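Asker: Given the sequences, and given the hints that come with them, work out the whole structure.
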Amino acid sequence: MRFMFIVKSAHAAAPTPELMEAMHKLADREIKAGRMLDNGGLMPLATGAQVRITDRQLSVIDGPFVEAKEVIGGYAIFELHDKEEAVASAVEFMQLHKDYLPGWEGTCEVRAFASRMS
Amino acid sequence: MTGADAHRAILAVWRIEQPRLITSLARMLRDVPLAEELTQDALLVALERWPATGVPEKPGAWLMATAKRRALDQLRRGRMLERKHEMVAWELEAEQQAMPDLDSALDDDIGDELLRLIFTACHPLLSREARAALALRMICGLTTEEIARAFLLPDATIAQRIVRAKRTLAESGLAYETPRGEELSERLSSVLEVVYLIFNEGYTAARGDNWLRPQLCNEALRMGRVLTSIAPLEPEAHGLLALMELNASRTAARTDAVGEPILMLEQNRALWDQVQIRRGMQALGRARELGGAGGVYALQAAIIACHAQARTADDTDWSRIAGLYAELAAVVRSPIIELNRAVAVGMAEGPEVALAMVDRLAHEPALRSYHLLPTVRGDLLHKLGRYAEAGAAFEAAAALAGNRREHDLLTRRAAEAAEAAMSA
Chain F
312 MRFMFIVKSA
322 HAAAPTPELM
332 EAMHKLADRE
342 IKAGRMLDNG
352 GLMPLATGAQ
362 VRITDRQLSV
372 IDGPFVEAKE
382 VIGGYAIFEL
392 HDKEEAVASA
402 VEFMQLHKDY
412 LPGWEGTCEV
422 RAFASRMS
Chain X
2 MTGADAHRAI
12 LAVWRIEQPR
22 LITSLARMLR
32 DVPLAEELTQ
42 DALLVALERW
52 PATGVPEKPG
62 AWLMATAKRR
72 ALDQLRRGRM
82 LERKHEMVAW
92 ELEAEQQAMP
102 DLDSALDDDI
112 GDELLRLIFT
122 ACHPLLSREA
132 RAALALRMIC
142 GLTTEEIARA
152 FLLPDATIAQ
162 RIVRAKRTLA
172 ESGLAYETPR
182 GEELSERLSS
192 VLEVVYLIFN
202 EGYTAARGDN
212 WLRPQLCNEA
222 LRMGRVLTSI
232 APLEPEAHGL
242 LALMELNASR
252 TAARTDAVGE
262 PILMLEQNRA
272 LWDQVQIRRG
282 MQALGRAREL
292 GGAGGVYALQ
302 AAIIACHAQA
312 RTADDTDWSR
322 IAGLYAELAA
332 VVRSPIIELN
342 RAVAVGMAEG
352 PEVALAMVDR
362 LAHEPALRSY
372 HLLPTVRGDL
382 LHKLGRYAEA
392 GAAFEAAAAL
402 AGNRREHDLL
412 TRRAAEAAEA
422 AMSA
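As given, the protein sequences belong to chains F and X, one line each in that order.
When you line the first sequence up against my numbering, it's residues 312 to 429, in that order.
When you line the second sequence up against my numbering, it's residues 2 to 425, in that order.
Please note that the accuracy of each hint is not assured.
[What the hints assert, rightly or not] Take a look, some chain X residues computed to stay more than 10 Å from chain F by CB distance: (1) Q216; (2) V259; (3) E339.
[Said to hold, decoys possible] Below, computed lysine-lysine pairings styled on DSS-like, alpha-carbon distance capped at 30 Å: (4) K409(F) to K59(X); (5) K336(F) to K384(X); (6) K59(X) to K319(F).
In case anyone wonders, no lab produced these hints; they're calculated from the structure.
The model shown is predicted, which means the values in this text are computed figures rather than measured ones.
Note that CB positions come from ideal geometry on N, CA and C, so glycine has one too.
Answerer: And the structure:
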């Protein structure tokens, strides 16, 4: 099963070098284990844009944006056996944040790809 | 959480850690089968304790510590007099002293160790079936029951296969090491063969009556990715990954709503997985960059790539496919490849040339009871307007077809040809 992990946080704090190193090692291991297919961090929301439809009107909005709730900071795509394995993997990833970025709060959302097979 | 949920959650955690557990223990104990058993033991301990205590914060370190403790116990109890074990026990003690290795789980590069493990599990000393079972068990972390279900065999058969394979490994006294130089490519082909066997076991079962079969394709793909990332300079590893990715990209289009197979040229190409095709093309490109364009897997991947890149069935570059089959036939002599080449030539240059090729294959012993030979022949004869002969060929093919659906289809085509012969 293919999964996407979406990491969201309201904390703008940049990751510490320690966290970066630990995440890099984890990613390296996951790629070598054939589980991780792709991953990436995203630039801050302020540098992005939103293309929106409201009231049947299409509008393009450039940053900065007012709603600063949880913002997506990065994603990863995995090929895993089942949801349990996905959750275990996400727990391991989040544990790194707990260890190397004390005080950080955020969410790693685990979502299975919609499959045309099932 | 119910008991079953907890069980699955624990198994998932263990599966992530399992290759590292086996490789670390195997390195210390210099005994892969024993390392594998201790890893299983650690799982049993986790299944016993974790439902009550919860999954520990560093499950990998916990499992490793547990497995090492077991290893020590076992060595203390057993043959302590043997020098090898004495040394190993000493090393383990020293490591135990240096505990906790809570963070080391991520610290060393697992690549070389994993490669060593794969080479051991896929040792040419073992039968292909035993290699496949052992690889699924030791590298993918599947249970015996899961492997048995995937191969549609009784649990006991797989269990016995694994036990025998491990005994063979233990008795052979072979070194736990990565082969080098010329031996490497020879041993690698034994690994690739097993990965491809696992893939095909899942892929050629076109009928979707068992959801675990696609899992075999996924396991093979995963192993293929492991091989390309830890042996990145081996062109055939990339070639095989490309072949598997490109074939797997058609999965959603290969069967209809009731699970009946749909032939490639009739598939809805919108259902082909473009992301997977892209990954396959990347792997094929890598194989070529490494000078492996002429490898057996890379050539087959290149053939599938022609299909993957054609927007419609009519856009297929058949002359390129025919050329690739010719190259493939020069590397591996096989009448089945020759027959496939004839089909491609027929599409590229017309039925006449192809028919001559097919007729040259008529006396190949390997094709004597192969229903696709008269099927292809019937198809070519039909295109040439030789309906009576086409009808006879389809009837011969129907008699040889083992599969009900194919038998029906061929009988229908025989009847159509007979009708055409009447009105001609």
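Asker: Against this structure, judge whether each hint is valid.
Answerer: So, going through the hints one by one against the coordinates:
no. : hint               : in the structure
1   : Q216               : violated (7 Å)
2   : V259               : holds (14 Å)
3   : E339               : holds (34 Å)
4   : K409(F) to K59(X)  : holds (12 Å)
5   : K336(F) to K384(X) : violated (59 Å)
6   : K59(X) to K319(F)  : holds (23 Å)
Violation of the numbered hints given earlier is confined to hints 1, 5; the remaining hints are satisfied by the structure.
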